[in-house]
Amino acid sequence: MSSASSPAPSNATSADATPPLLDIRDLRLDFMKDGRALRAVDGVSLRLGAGEALCLVGESGCGKSVTALSIARLVPSPPARYAGGEIRVNGSDVLKMSPRELRAIRGGVVSYIFQEPGSSLNPVFRVGAQILESLKLHRPEAANEEEVLRLLRLVGIPAPESRLRDYPHQLSGGMQQRIMIAMALASHPRLLVADEPTTALDVTIQAQIIELLRELRRQIQMSLLLITHNLGIVGDLADRVAVMYAGQIVELAPSHTLLSRPLHPYTRALMNSVPKLKGQVGRLSAIPGNVPNLGSFPEGCRFHPRCPQARPDCSTQSTQLLEVEPSHWVRCPYWST
Amino acid sequence: MWTFTVKRLLHLIPILLGVSLLTFLLMSLTPGDYFTELAQNPQISPQKLAELRAKAHLDRPWYVRYGYWLSNAVRLDFGYSIAYKIQASELIFSRLWNTFLLSLSASVLAWSIAVPLGIWAAVHKDSVADRACSLIAFAGLSIPEVLLALLALMFAASTHWFPVGGAQGATFDLLTPWEQFCDRAHHLVLPTLVLAASELAGIMRQMRSNLLDTLRAEFVTTARAKGLPEGWVIYKHAVRNAINPLLTMFGYSLAGLLSGAFIVENVMSWPGLGRLTMESLSKKDHELVVASVVMATALLVIGNFVADLLLAWSDPRIRLK
Amino acid sequence: MSSLPPQPSTPLSPWGLFWKRLRRHRTAVAGGILLIFLYGVSLLAGFVSPYRYDHLDKERSFHSPTPVRFSGFWPAVERFRKVSDPATYEAVAGDLKPLKFLVEGEDYTLFGLLHLKRHLFGTGDPDYPVYLLGADQFGRDILSRVLYGSQVSLSIGIIGITLSFSLGMLIGGISGYVGGTTDTLTMRACELIMSIPGLYLIMALRSVFPSSLSSTQVYLLIIVILSFIRWASSARVIRGMALSLRERQYVLAAKSLGQTPLRIVVRHILPGTFSYVIVAATLSIPYYILGEVVLSYLNVGIQEPEASWGLMLNAAQNYQYLQDYPWLLAPGGAIFVTVLAFNFLGDGLRDAADAKAG
Numbered sequence: 002m003s004s005a006s007s008p009a010p011s012n013a014t015s016a017d018a019t020p021p022l023l024d025i026r027d028l029r030l031d032f033m034k035d036g037r038a039l040r041a042v043d044g045v046s047l048r049l050g051a052g053e054a055l056c057l058v059g060e061s062g063c064g065k066s067v068t069a070l071s072i073a074r075l076v077p078s079p080p081a082r083y084a085g086g087e088i089r090v091n092g093s094d095v096l097k098m099s100p101r102e103l104r105a106i107r108g109g110v111v112s113y114i115f116q117e118p119g120s121s122l123n124p125v126f127r128v129g130a131q132i133l134e135s136l137k138l139h140r141p142e143a144a145n146e147e148e149v150l151r152l153l154r155l156v157g158i159p160a161p162e163s164r165l166r167d168y169p170h171q172l173s174g175g176m177q178q179r180i181m182i183a184m185a186l187a188s189h190p191r192l193l194v195a196d197e198p199t200t201a202l203d204v205t206i207q208a209q210i211i212e213l214l215r216e217l218r219r220q221i222q223m224s225l226l227l228i229t230h231n232l233g234i235v236g237d238l239a240d241r242v243a244v245m246y247a248g249q250i251v252e253l254a255p256s257h258t259l260l261s262r263p264l265h266p267y268t269r270a271l272m273n274s275v276p277k278l279k280g281q282v283g284r285l286s287a288i289p290g291n292v293p294n295l296g297s298f299p300e301g302c303r304f305h306p307r308c309p310q311a312r313p314d315c316s317t318q319s320t321q322l323l324e325v326e327p328s329h330w331v332r333c334p335y336w337s338t
Numbered sequence: 049m050w051t052f053t054v055k056r057l058l059h060l061i062p063i064l065l066g067v068s069l070l071t072f073l074l075m076s077l078t079p080g081d082y083f084t085e086l087a088q089n090p091q092i093s094p095q096k097l098a099e100l101r102a103k104a105h106l107d108r109p110w111y112v113r114y115g116y117w118l119s120n121a122v123r124l125d126f127g128y129s130i131a132y133k134i135q136a137s138e139l140i141f142s143r144l145w146n147t148f149l150l151s152l153s154a155s156v157l158a159w160s161i162a163v164p165l166g167i168w169a170a171v172h173k174d175s176v177a178d179r180a181c182s183l184i185a186f187a188g189l190s191i192p193e194v195l196l197a198l199l200a201l202m203f204a205a206s207t208h209w210f211p212v213g214g215a216q217g218a219t220f221d222l223l224t225p226w227e228q229f230c231d232r233a234h235h236l237v238l239p240t241l242v243l244a245a246s247e248l249a250g251i252m253r254q255m256r257s258n259l260l261d262t263l264r265a266e267f268v269t270t271a272r273a274k275g276l277p278e279g280w281v282i283y284k285h286a287v288r289n290a291i292n293p294l295l296t297m298f299g300y301s302l303a304g305l306l307s308g309a310f311i312v313e314n315v316m317s318w319p320g321l322g323r324l325t326m327e328s329l330s331k332k333d334h335e336l337v338v339a340s341v342v343m344a345t346a347l348l349v350i351g352n353f354v355a356d357l358l359l360a361w362s363d364p365r366i367r368l369k
Numbered sequence: 003m004s005s006l007p008p009q010p011s012t013p014l015s016p017w018g019l020f021w022k023r024l025r026r027h028r029t030a031v032a033g034g035i036l037l038i039f040l041y042g043v044s045l046l047a048g049f050v051s052p053y054r055y056d057h058l059d060k061e062r063s064f065h066s067p068t069p070v071r072f073s074g075f076w077p078a079v080e081r082f083r084k085v086s087d088p089a090t091y092e093a094v095a096g097d098l099k100p101l102k103f104l105v106e107g108e109d110y111t112l113f114g115l116l117h118l119k120r121h122l123f124g125t126g127d128p129d130y131p132v133y134l135l136g137a138d139q140f141g142r143d144i145l146s147r148v149l150y151g152s153q154v155s156l157s158i159g160i161i162g163i164t165l166s167f168s169l170g171m172l173i174g175g176i177s178g179y180v181g182g183t184t185d186t187l188t189m190r191a192c193e194l195i196m197s198i199p200g201l202y203l204i205m206a207l208r209s210v211f212p213s214s215l216s217s218t219q220v221y222l223l224i225i226v227i228l229s230f231i232r233w234a235s236s237a238r239v240i241r242g243m244a245l246s247l248r249e250r251q252y253v254l255a256a257k258s259l260g261q262t263p264l265r266i267v268v269r270h271i272l273p274g275t276f277s278y279v280i281v282a283a284t285l286s287i288p289y290y291i292l293g294e295v296v297l298s299y300l301n302v303g304i305q306e307p308e309a310s311w312g313l314m315l316n317a318a319q320n321y322q323y324l325q326d327y328p329w330l331l332a333p334g335g336a337i338f339v340t341v342l343a344f345n346f347l348g349d350g351l352r353d354a355a356d357a358k359a360g
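Which chain is which? The protein sequence lines are A, B and C, in order. The first sequence runs 2 to 338 under this note's numbering. The second sequence runs 49 to 369 under this note's numbering. The third sequence runs 3 to 360 under this note's numbering.
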């Protein structure tokens, strides 16, 4: 299944001089269930340069989170099993690393924030202590209260001195997510992976967190991998967008290109399901059907049962991710002919 | 925290009142009293019998007797035991102490083995040793305490390593304080082992499943994502959280512990409240039964209270609510 | 993390899924099969046991177990002679009597209506008794008494959970659905019952009734007492479930149709608690078995000459006997095996009902 060719990096750095910060090549991952291997990620290739922001979009259950967690090999295994491919961080393959090397990557190079800040923070430790723990691991020279306070100020927490000794449950969801971000930044990572960081928050708080991420990206030279099922926030933040469906990348393009001219029917369907603030008032349409379950992906193009433009040969023809115009990659039978 | 403590303490009063009332009512409904057997004796005249009953207030209606009993009991004075011919309080408190001692030592033993074992089994989930632990735990859960206590007696009788039942040797009063202590400890070993063995399995299984649940929690992923070594992730982040539901379980398991102690006391002749209850029931000293039941209940509800305090101390979400 | 855990490819009904998961649980299946066997034997106790529970043989007090030997390929038992008084026996080497199957013996009643004489096995010769598990003080066959005793222990749990869970479901369901003062009072009552350590309350309740009751009366009394205490904990849980279920759309719909509260509780609320009830009930059967054992052991349960496992253990409380005749503990083994089987089955049911444990 190594059909996917490697999409070129968007920035000018050539691949042979310095290795890109993140280079995922043909990643395949299975979940073992009742002795059966269910493929959850199927031949995903992605590159992310230093300082670049990439957005991974798709419905729930299409393999975005698993791909993102794989970067620091955080998917529990078992039940997960890597079936092939490489995840190169600064040139070395995460999948071949010893636990010690892996720990240096975790936090040191890649930091994470998750969907539910409430359950992602340990409920029995004070938030200050949890941030301090990160500092002790990766920047022991800065493991002090002043640095924690600086981080809290950086993520926009008012009166950080009084928040230091709070427990997570004493803070609002938005504040908890800011704590998570402070904790993730404490180790000075080169890549921040934000896995649906706003899904669990109120709408106004969502906007604040997105604004914070944008502001932080401006202040700190840091790459960002943002995972979302909401195309609405993509344009604001990302240089490039990758759309995932059923364990595969189906479209990859610079964000303005993708938003203005989506080529894959799934991307278009996703965009039609997002309410727009300005522009024409069109009909908001849901995508018919559901994401196929693991282990029962359709033959041919995996989107064809739900695709409004499906042709008879879509169910048989195998699909490849092709560069149909410069930097715009699509996996669709229509574009491969 | 203080209001929490005080509120929980005040909560104990209606429960103890209710339990004493319920038990007193039950005892007043039991057929016969302490003097029923004497009535069979032709040597004792009915007048004498009536006199004796009046002296023990047994001629009054039960609620009047309850009033008397309660007004004394709040001062921890349980009156005079007609069956034992001594002050009931003295008897009750020595038995209460024995039950407490047995339950405490069994709990300490059971918890200090079960918690590490449960953690170990969860960390090595599905290994051969984990499966073996789980099978042994099932056996421990299923073996009746009566049988275990009988086996312990059999062991003591055939090896002579431990005394066969009882709480102190025949020559206890002649011993030096240190020898007395050793003698008590020697008598305590087997009942403690029996009671702990039946407690251990449940705690171990609970600890194992709590930790497995916690290891699936998102903050564990966060801890790993920080780059913490796996040992820290488990022992600092996960175990610390998996302990909390165990403290709740400690409160619930106390009732089972005291019932277990009841059995062990009666099979192994350990002079605790359970044995006193059975003795005073057969002697029909009903007020002594009430006192025993109320004291056992007090032990349970105070134990629950301590478990609540521990939980509040351990879990900030409860402490700071 | 949204794609965890992987979902099965073929959709099954909740019950189908439940069965599938249960069948995969090896220990649960083993427990279930063992229980079917135990209940079968228990129903046929009169036929399977070589003697009646009250068959006395004072000459063979504490007779040691008679191991099955083979005379050729046919199973046989040896004759034992008394070496000393009291009660030491020694096998007479070579003096074998073959076992007969479907042998005629003492009469018994099966299922309360069939009067029969044939037993599964025996020697048919009173000089060659078959005591596979030995005999007690009165020369009664322990195996036969264990089998007869199983009728008490195996039925007491089933009747007990039926009683206590019906009570618990009804009271808990109404309490949770109606709320208000009813709820407060019920819950205070539950709390009161649950705050007395179980056996203390059981003994206090038991003493209200005369000690000289027939075994049938005691049997019923034990069930009533144990259930009276047990309903409280199930009522509390079911009340909690009823509290959340009463906000469901279908309950509100039934309410708006003007159905009576009792009908809503029985038809709409309680079905939602079934999976909890099945698991909790299976896991609480051992409580009844052990409750009867303790009461009978302490002489306030089933009375002689009837057989019950607890009563039989009572005979073992003299540690001198215990040392010399350890086979008196056989009923303890029976309790252990039965409770173990229920725990295995209950554990499997819980895992199968709890999708998370998958």
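Don't take each hint at face value.
[Unchecked claim] Calculated cross-link-like contacts (lysine-lysine; reagent style DSS-like; alpha-carbon spacing at most 30 Å):
| hint | chain 1 | residue 1 | chain 2 | residue 2 |
| --- | --- | --- | --- | --- |
| 1 | A | 137 | A | 97 |
| 2 | B | 173 | A | 97 |
| 3 | C | 99 | B | 173 |
| 4 | A | 34 | C | 22 |
| 5 | B | 133 | A | 137 |
| 6 | B | 284 | A | 97 |
| 7 | A | 34 | B | 173 |
Honestly, the hints are just simulated from the structure, not real lab data.
Cross-check of the supplied hints:
1. Between the alpha carbons of residue 137(A) and residue 97(A) the distance comes to roughly 26 Å, so the proposed pair stays at or under 30 Å and holds.
2. Only pairs whose Cα atoms come within 30 Å are accepted, and residue 173(B) paired with residue 97(A) is accepted, the gap being roughly 24 Å.
3. Taking the CA atoms of residue 99(C) and residue 173(B), the gap is about 53 Å. The hint is violated against a cut of 30 Å.
4. In summary, the hint linking residue 34(A) to residue 22(C) is supported, as the alpha carbons are separated by about 14 Å, within the 30 Å threshold.
5. For a cut-off of 30 Å, the pair hint linking residue 133(B) to residue 137(A) is broken: about 69 Å separates their Cα positions.
6. The straight-line distance between the Cα atoms of residue 284(B) and residue 97(A) is roughly 27 Å, inside the 30 Å bound, and the hint therefore holds.
7. For the hint linking residue 34(A) to residue 173(B), the alpha-carbon distance of about 17 Å falls within 30 Å, and the restraint holds.
When the structure is compared with the earlier hints, violations turn up for hints 3, 5 and for no others.
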